[in-house]
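Order-wise, the sequence lines are chains A and B.
Here the first sequence is numbered in numbering that gives the first Met the number 0, starting from 0 and rising by one per residue.
Here the second sequence is numbered in numbering that gives the first Met the number 0, starting from 0 and rising by one per residue.
Just so you know, the hints here were simulated from the structure itself, not pulled from any lab data.
In this text, all values refer to a predicted model and were calculated from it rather than measured experimentally.
Treat the hints with care, since some could be wrong.
Said to hold, decoys possible - In silico SDA-like links for lysine to any residue, alpha-carbon gap of 20 Å or less:
1. B:K270 - A:G16
2. B:K80 - A:Q8
3. B:K210 - A:H12
4. B:K270 - A:E17
5. B:K210 - A:Q8
6. B:K270 - B:G192
7. B:K80 - A:G16
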Amino acid sequence: MWRKSGRFQSLAHATAGEMPAKRSCPGISRDIALLLLFATDDLAAESVAGTCNSEAVSHHGLERDFCSSVILSLPIPIMCGAISAIQGHVLGLRR
Amino acid sequence: MSSKPESDHDVVVAGGGAGGIGAALGAAKAGARVLLVEKYGFLGGAATSSNVLAYCGFYKQGPEPVKVVGGVADLVLDEIKGLGLGCEPFRSPTTDNWIILLEPETVKLALDRVLDAHGVQVLLHTRVAAVSRTADRLQAVTLAGMEGRWRVAAEAFVDATGDANLALIAGLPCRTGDDAGYLQAATGPIRVGGRDRSVPIDRARIVAAFKEYNWTGAHPTARQDGGIFAEVPVAGDMWWMMYDHELVDLTSKSFTQAEMAARSAAGDYVKVLRERVPGFENAFLLQTGPQIGIRESRHPPARYELTGEDLLSGRRRPDGIARAAWPMEDHSVPGRPVYRSIGGEGFADIPLDCLRALGLENLYYAGRTIGADAAAYASIRVMGTAFATGEAAGTAAAGPDDRIEGTAT
């Protein structure tokens with residue numbers, strides 16, 4: 000996981016107190032921006048729908064359709080990163 | 000060994016200074032069950048144990064304060080602010096560097112609260128006494144506390160002890176000081192009470208007084224600029240860094256000598272102020288730190304050592320996880336610090352491999368234990384940077400690759 004540059008970048012921005020996703024995707028919600036902080040680029044786009052049904056999305060209090068529309072509107076690498084972040088968060092909730 | 004049953008956590012953090020606080024919060028925010036152990040009865044590291052009443056490393060050098068450390072460090076600053084301490088950037092008139100001045104009792108309370116709010120279990124008066132390990136992983140630590148000794152297992156561990164105590168106990172080969180074994184000088188900051196605050200502190204008079212003291216005094220100071228001083232926020236007394244001590248090794252004997260010499264010097268120095276500097280006629284020694292300020296001790300083996308060249312060039316890198324912005328502040332010669340600025344954008348990236356132990360898969364470093372050569376170490380050791388490397392270490396410790404990797408579709 001750490002070999003993927005996205006996770007490094009997310010942590011680098013986190014420790015520096017920055018929100019890079021907000022710069023690249025102005026207007027999206029803070030929750031989505033936080034998810035995008037963990038952008039990686041190696042997940043399949045097909046899992047978007049399933050991920051948007053996840054408990055993580057519910058946990059963030061986001062509407063599923065809104066979340067789907069935001070994610071689907073993003074460039075594929077960023078979109079996939081959002082999926083990865085949500086999945087990681089689900090794991091955190093289940094621990 | 001006590002009969003207390005073994006407990007387990009996801010992450011155990013050894014050390015409650017800035018690096019340990021960052022690591023505990025980073026791991027907790029990532030969903031881990033975190034235990035932090037601290038040898039003193041309070042948290043805060045050098046800020047509360049050694050009278051280092053300034054956070055360095057939060058800002059780049061320059062005419063304006065540009066922040067480079069945020070994340071969980073901001074949680075700490077917000078908590079401190081909530082208790083009435085401003086935390087505004089303050090430009091040191093001696094060095095031109097941006098710092099955040101502190102008042103230690105506020106810091107202690109704020110750290111208690113911020114860790115509690117994030118579900119971190121804290122054990123004060125507790126040390127790591129032993130470890131259990133396999134060839135490439137730590138399995139558990141044996142803690143020594145008020146009730147004896149007991150084992151705590153965890154998935155990952157963070158050495159934020161400053162002195163690499165966990166790595167040392169785990170059997171990793173540690174380097175003392177620089178390549179030649181020289182240690183950065185220790186420091187004895189003090190607080191001076193009783194000053195007439197209506198009289199501005201006259202640096203020229205301090206310089207002249209100590210020029211004379213150095214001829215006959217028992218503890219001549221190499222600082223010829225009057226030292227670093229400021230008014231302690233809230234409390235209003237004077238914080239003063241004037242005494243440095245050459246630490247020859249890491250033995251208890253050397254530490255004892257350093258502590259006693261620093262105390263003796265503190266008494267002398269305040270007497271000089273009282274007798275020679277206007278406004279200090281009624282001054283008294285308010286406090287030395289619970290312990291002398293240690294700038295450098297052991298360096299455990301890391302997968303990468305940040306280099307002075309990395310910092311001089313302001314090197315950015317794709318595997319960077321925190322930013323080093325404090326100038327390389329070399330104290331090889333006691334009392335004569337030499338500063339070298341960070342190049343590039345005014346900061347350099349610290350890669351994750353600086354935080355990963357060489358030889359143990361699940362041990363991470365935070366704060367001044369991270370991998371760095373002598374030049375880079377003179378920058379990354381400061382508390383602002385330690386919060387950032389701590390957060391990264393805690394996050395990495397809480398979120399190992401395979402758990403997240405395994406969900407990929």
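Structure-based check of each hint:
1. B:K270 - A:G16: The given pair, whose Cα atoms are some 44 Å apart, is violated under the 20 Å limit.
2. B:K80 - A:Q8: Given that 20 Å is the threshold and the Cα spacing comes to 29 Å, the pair is violated.
3. B:K210 - A:H12: violated, 47 Å
4. B:K270 - A:E17: violated, 48 Å
5. B:K210 - A:Q8: violated, 51 Å
6. B:K270 - B:G192: The given pair, whose Cα atoms are some 12 Å apart, holds under the 20 Å limit.
7. B:K80 - A:G16: holds, 17 Å
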